[in-house]
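Participant: Chains A and B supply the protein sequences, listed in that same order. In this note's numbering, each residue carries its 1-based index in the first sequence increased by 29. In this note's numbering, each residue carries its 1-based index in the second sequence increased by 7.
Just to be clear, a hint being listed does not mean it is correct.
Said to hold, decoys possible - Reference listing, derived: stretches of chain A covered by chain B, where coverage requires no fewer than 3 residues with Cβ under 8 Å from a Cβ of chain B: (1) 110 to 124; (2) 128 to 136.
Said to hold, decoys possible - DSS-like, lysine-lysine: derived pairs with alpha carbons at most 25 Å apart: (3) B:48 <-> A:140; (4) A:128 <-> B:48; (5) B:48 <-> A:102; (6) B:47 <-> B:60; (7) A:102 <-> A:84; (8) B:25 <-> A:128; (9) B:47 <-> A:128.
Unchecked claim - Computed far set for chain A versus chain B, every beta-carbon distance over 12 Å: (10) 55; (11) 87; (12) 102.
Everything labelled a hint here was simulated from the structure, so no lab data went into it. Being a predicted model, the structure only gives us computed values, none of them experimental. Beta carbons are placed, not taken as given, at the ideal position from N, Cα and C, and that holds for glycine.
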Amino acid sequence: AQTVTQSQPEMSVQEAETVTLSCTYDTSENNYYLFWYKQPPSRQMILVIRQEAYKQQNATENRFSVNFQKAAKSFSLKISDSQLGDTAMYFCAFLYGNKLVFGAGTILRVKS
Amino acid sequence: DTEVTQTPKHLVMGMTNKKSLKCEQHMGHRAMYWYKQKAKKPPELMFVYSYEKLSINESVPSRFSPECPNSSLLNLHLHALQPEDSALYLCASTIEGQLMSSYNSPLHFGNGTRLTVT
Chain A
30 AQTVTQSQPE
40 MSVQEAETVT
50 LSCTYDTSEN
60 NYYLFWYKQP
70 PSRQMILVIR
80 QEAYKQQNAT
90 ENRFSVNFQK
100 AAKSFSLKIS
110 DSQLGDTAMY
120 FCAFLYGNKL
130 VFGAGTILRV
140 KS
Chain B
8 DTEVTQTPKH
18 LVMGMTNKKS
28 LKCEQHMGHR
38 AMYWYKQKAK
48 KPPELMFVYS
58 YEKLSINESV
68 PSRFSPECPN
78 SSLLNLHLHA
88 LQPEDSALYL
98 CASTIEGQLM
108 SSYNSPLHFG
118 NGTRLTVT
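So here's chain B without its partners, still in its complex pose (with noise of 0.2 Å):
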């Protein structure tokens, strides 16, 4: 079991459709992370939210839009994407770690969207 919740996990879209993917933890911690992941490939960061705030976009074209509504929740608005968009999404969170604070955690993933882009 995962305590980071994606929905849905499987999603097939449009190039012309709007969708959005969500992600839901309550271990109380207050950064979220959206990483892309081809198959065979690393993880790649998207976008970091930390206390509710964006703190780290990684020059993620606009067709992405991330949003988080409170500390649990954060959602990714998707709209015109693309067939190479294709690529399973995975949600992280961590406890807040300040810039090298005494206390970092590790980053906890949930399953991941498997998006298909047609």
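So that you can see chain A by itself, here it is in the shape it has in the complex (with noise of 0.2 Å):
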């Protein structure tokens, strides 16, 4: 079974300031998808950035871009020049399949 372990229950950071969110993953499979979802009070889960686990090319999408170490099972996301509306719960969540399981979750606060 695919497990997803965010070890950062909350975190800040100041406006216009980068921050790292971990996740790691176990699984034994070797061809598999990687994603980062957002989710503001509003409750909508929004996609940030996605990772196919066979590119070791990081994928980058403006300011968000991840850090996928295949090896080490790790795949986190950093967030440059932080802004007040990236402040929401962010989720790691493993695609195999049609199977999407998610980690606990992060909620990320950014301060003016």
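Each chain sits in its own coordinate frame; assemble them with the hints.
Facilitator: Set out below in structure tokens:
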């Protein structure tokens, strides 16, 4: 069974600074997909970034980038130039076939 | 704006009531999901439909009954719920990804239905 671990329940960052959210996962599969989702108080789950396990290059999406270490089964999210609108719960998620499994989540608060 | 529409946004029901949650998408996605989410917790998978057929049931109690009448619509029928079933129910959809196909799209989520069982 696939498991996803997010070890940081809550984090804070000053506006315009950089923050990194950690995620590790456990799987015996070789090909899979990883995602970071954001859930603001509006409660909609919003896709932030995705990474295919067979790609060595780390995904980047504007201010968001990942550090994907397949051997270590690590998938951290870096948010640069943090903005107040980044305040949300962030979930790391693992997709294999049709099953998407979430980590426990990290609450990120961006302070002005 | 979300491309996955869930109704109603809020629902309060008694333990003897029968109600239904509705989810609709018009993106041509062929896999649809129900998740249950408690406050400050991650979503927990309940059901997955693939090409209108139930493909995953995560041992969900029978008081929750899913239905997929067509490729755009997903319902969750509720009967004899318990107060602990109060939660946010999220629907999601994705282009059907065959196991480890070369194209595997992320899930698109609706805004959820906030359910309170009294």
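Participant: List, from low to high, the hint numbers that the structure doesn't satisfy.
Facilitator: 6, 8
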